[in-house]
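Student: Residue-level listing of the chains:
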Amino acid sequence: MSLIVLLLLPFIGSCLAAVLPHNARNTESLLAGVVALIGTLQVALLYPQIADGGVIREEFFWLPSLGLNFVLRMDGFAWLFSLLVLGIGTLVSLYARYYMSPEDPVPRFFAFFLAFMGAMLGLVISGNLIQIVFFWELTSLFSFLLIGYWHHRADARRGAYMALMVTGAGGLCLLAGVMLLGHVVGSYDLDKVLAAGELIRAHALYPILLPLILIGALSKSAQFPFHFWLPHAMAAPTPVSAYLHSATMVKAGVFLLARLWPSLSGSEEWFYIVGGAGACTLLLGAYCAMFQNDLKGLLAYSTISHLGLITLLLGLNSPLAAVAAVFHILNHATFKASLFMAAGIIDHESGTRDIRKLSGLIRLIPFTATLAMVASASMAGVPLLNGFLSKEMFFAETVFISATAWIEMSLPVIATIAGTFSVAYSLRFTVDVFFGPTATDLPHTPHEPPRWMRAPVELLVFTCLLVGIFPSQVVGPLLAAAALPVVGTLPEYSLAIWHGWNAPMIMSLVAMSGGILLYLLLRKQLKRGRFKYPPIVGHFNGKRMFERSLVVMMRLARRIERRISTKRLQSQLFLLVVAAVLAGLIPMLHSSLSWGDRPKIPGSIVFVTLWLLAIACALGAAWQAKYHRLAALTMVSVCGLMTCVTFVWFSAPDLALTQLVVEVVTTVLILLGLRWLPRRIEEVSPLLGTLRKARVRRLRDLLLSALVGGGMALLSYAMLTRQTPNDISSFYLSRALPEGGGSNVVNVMLVDFRGFDTLGEITVLAVVALTVFALLRRFRPPKESMQLPAQQRLLAPDVVTDLVNPRHASDTALGFMMVPAVLVRLLLPIAMVVSFYLFMRGHNQPGGGFVAGLVMSVAFILQYMVAGTQWVEAQMSLRPARWMGTGLLFATVTGLGAMAVGYPFLTTHTWHFELPIIGDIHIASALFFDVGVYAVVVGSTLLILTALAHQSVRGHKPSSQPKPVVQQGAAV
Amino acid sequence: MEEVIAIAIGVLAASGVWLLLRPRTFQVVMGLCLLSYGVNLFIFSMGSLFIGKEPIIKDGVPQDLLHYTDPLPQALVLTAIVISFAMTALFLVVLLASRGLTGTDHVDGREPKE
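These protein sequence lines are chains A and B, in that order. Under our numbering, the first sequence is numbered contiguously, ending at residue 977. Under our numbering, the second sequence is numbered contiguously, ending at residue 127.
These aren't lab readings, by the way, just hints derived from the structure by calculation. It is possible that part of the hints are untrue.
Only pairs whose alpha carbons sit at most 35 Å apart, straight line, appear in this in silico DSBU-like list of lysine-lysine [claimed, not checked]:
#1 K698/A x K66/B
#2 K605/A x K66/B
#3 K605/A x K362/A
Not the full set, but computed from the structure, chain B residues with beta-carbon under 10 Å of chain A [unchecked claim]:
#4 S28
#5 L32
#6 M43
#7 L62
#8 K66
#9 K71
#10 G73
#11 P86
#12 I94
#13 G116
Ideal placement from N, C-alpha and C gives every residue a C-beta, glycine not left out.
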C-alpha cells in the first residue's frame, strides 16, 4: 500500500461513517477500528524500509509552477508517530464503542474521529512545509468539532471555541514562520529544509521566523503561556481526550519541534524560548495538577506538565536530550492514553469524576483499579515502568548540561521539584480514588466495565510494563530508528534499568520521598475541598484573561471600524465612484488626452434629433425619479430605445434585437414592482439646517456626476476619433464561417468562441432568478400597499361596473380588458413561431437563443398580464425552474460532449446532411448549446416575472382584503 | 455624429451616477439602468462605428475589419445587456424585500434621523 492510500483511507472511512444510521454504534466502531487497524499493520510492515535511516518518499504534482509538490515522506520519526496515531486510534475506536451512549449521534463522532486521524497522519507524513501547516490547521478544526461534540453543553462550546482560537491563531503564526523559512531555504521541501540548518541559523531572518514557528508549536502543545486551553478541552468525550489531548494532537507541537530540530535548534534563542517555555510548563502543570478535583482535569494538567518536559528536553540543544524527548513522547502516549481511558471508565461506571467523592473503588472495580495504578505509577516515574526510563534520562540531562552557572544550578532543582509534584498528583489519582472507605454517595454503584472496554487499557498498560522491564529488547531498535532522523547521528545511550547510584537515581529517590510527603501533607485539606484553585498561581486565571483580551480586542476593532467606515450606502457609493474617477485619471499622468484623425461618420439630422430627445429624457429621469416614478420609468425607457436605435444605426442588429426585448421585459418588471413602493409626496423639509445640509450634499453629488459624465464623454470622443487597430477581431471574422459554421459572427462568438463565457452568463441568470424567487417567497408586502386603489375603495359596494376590478375577485386581471385578453391568447402561437424563427436563423442572421428566449417569455408574460395569473397557470403548466435546469444541463452536456471525444470543453462540431425536399442541412453542436441558452433565458425570465406577479395575487386574497371605507348606501 | 454619441454617453453616465447617489432605492435602480446604457454604448463605441457593415459574413466580401464592423465589442455588449437585466431584476427585488422588511424605501433601510 502506498503512502497516499494510507493517508486517504481514514478520510474515506470518515465519509462512510458520516452516512451510516444514527444508532449504528457497532458498525461505526467496527469501521473506525478496521480502518485504523489496517493502517497500523501497514505502517508496522513499513518498518524494514525505514529502520536504518531510510526514507520513503512519494511526490505528486500540485503547483509545479511555484515549486510546490504534494510530498509524502516517511522516515523513522514520522513512522513512530504514524504508528502512535493509528495504533492508539484503533484502541480508542474500540473503547469509544462502549463509552458512547446509545443516545449520542455516533456517525458524527466517528466521522470527525476518522477525519482527525487522517489529518494527523497527513501532518506527520508530510514532506512539505506548506502541507504540514495545512494538515496542522485541519487537526485544529477537527479537534474543535470533537471538543464541541456535545454542543448542547455550554462548557463544550466554550472549550472548543477557546481551543480553536488559540491553536488556530498559533497555526497562522506557524504559516507566517514557515513561509519565511521557505523563503530562507529557497524551497518548502522538508528534505531541503532539514539539510539547511547552518544556513537558516546564520540568516538574518532567523530571529523572526523562529518565534513565529515556536508560537505555533507551543500553542498546539499547550505550553506556557498558552497552556490554559487544554483543561477546558476536557469537555470533550473521554475517547477524544484520550486520543487528541494526550496521545496525538497536543503532540503535534512537540512533533514539529523535533521535526525541525535539525534545522532550527542549536542557537541561544532556541534554548531560551523552547527550554524556558518547557521548564515553566513542566513546573506549572505539575503544580496545578496536584490541586485538581476532577480526574480529567488532573490528567490534563499532568499532560501539560509532561509536554513541558518534552519541550524542555528538545530545548536543551543536546542530541541525547532529543533522544530522551522522542522516548518520552512514546512513553507518555501509552500511559496517558490508558489513564484517560481508565478515568473514562470510572466516570462511566460511577457517574462522577470528582476525586473528593470517589473513594475505595478498588473493592468495586479491582481490575480497572490495578491497571490505573500501574499506569499512574508509570506517570510518577516508578522503576520497572516505562515512565521511569525517560524520566531518568531527563534527570541525567539536567545534571550533565553545560551552560551558565545559574542554569546548571537551577535545572536539576526544577526537575526534582517537578518530579516531586508528579509523584504527589499520581498518588492523589490512585490513593484517593481507589483506597480508603468505599464511597456510598456515588450516582451509580460502579461495576467492572464490559470486557472489551477494558481491553485497550490492558494492552497499553502491558506495553508500559514491557517497555519498563525489557527496554533495550522491546523498544531499543525502534527508538534508534525514530530518533535517528531527529538528531542526525545517534549519541551513546543505554536503555538499562539500573545505572548505579548516580545523581539521577538520587534525584528520583528525593522526588519519590518528597512526593509522598507532600501528598500526605495536602491530603486532608484537599479532601475537605479547601483549595478551590491552586494556591498562588490560581489567581492567574488563563481562561478569564483570554476572554477579557478577546473582549478588549473586539471592542477595539469595533471602535476602529466605526471610525474608518460607514454603514451608509450613499457615502460608500460616493467613495467608490471617486475611486473609479481617480483610477481613470491615473493614465492621464503620463499622456494627455488627444483626438485622432479618423474620418468622421456623415451626420444625420434624424439621429441627432432623436438623441437630443433621449438626452433630455435622461436628465428628466434623473430629476424626477424621486417623486414621479412612472414618468421617470418612461423617460428611462426612451433612453433604452434610443440605445437600441443607435445599435441599429451602427451595424449591430443583434444588439438592437436583444436590447429591444430586454427593454420590454425590464419595463414590465419595474411596473410590477412599482405598486409595492411607498407613496411619496413632494414636501418642503421643515428644518432649515437639514435643508442646507441636503443642498451641500446634492451639490457635491452633482459635481461628481458631472465629472464622471464629462470624463466618459471625452474618453469616448477620443476613442471614436482614433483608428482602432484590432487584431483579435479579424481572427473572429475570418474563422467564424469555416470553423464556427455560421455567418453571424456575433452569434458564433457567443455560442462557440466565447461559449464558456456564455455558460457562465446563463448560470448567473439562473442564480439571479432563483435568488429573486427565494427573496420573494418570504416577502410580506407592507399593509398600505395591499389596500385596494383609492378609486375602488371609494366606490359603493353595490355599484355594478365592469370597468374596475370586482372587489372580491381573486385576481387583479379579472374584469379588465376582456377583448384584448382573447386576442392576446391568439398571439401566443404566433409568438412561438417568431421565437422559433429567431432561434433557428441565429447562427447565420441576427437572432439567437437569447433573443428567441426573451421573445418567448414576453409572450407568456403577456398572457399573465391580460388573463391573470390564475387563469394562465390553470391552463398551462409552465415550470420555470425545470426550464432553467434543463437548459443548464443541455449547455453543460454539449460542452462535455466535446471533452468526451477528446477536444477541449465546448468545442463545436459540425455535421452535414442531405435531406429529401429540404435539401442540404448542416447542424453545429453549437445549436444544442444555444438550445440550452434559450431554455435558461425563458425559464429565468419567467421565474423572475411570475414571482413578482404572484405578489399581487397574494395581496388580493379576499381574507386580507380591507373592508370598503364608504358606508352602505352612501351616494357615489 | 461622434460628438453626439460622446455627449449621449456622458449624459447617460452622469444621470446614472447622480441617481446612484440618491437616498431612495427606486432612484438607485433607475440610475443603474441609465448607467448600464451609458456603459454599454461606451463599450460598443470602442469598436469604431460604421454604418451598414454588419458583422454577418457575405459571399465575396473580404473578411477583415475594413468591410465589417468589429464583432468583439458587440459580443461583449450582448452579454452585458443580459447581465444588466439580471442585475436590475435582482436589485428591484432586493428593494422590495427591504421595503417589506424595514417599512422604508431608504437605501440604508431606515429613515435618516435629522
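Student: List in ascending order the numbers of the hints, as given earlier, that are violated by the structure.
Tutor: 1, 3 and 10
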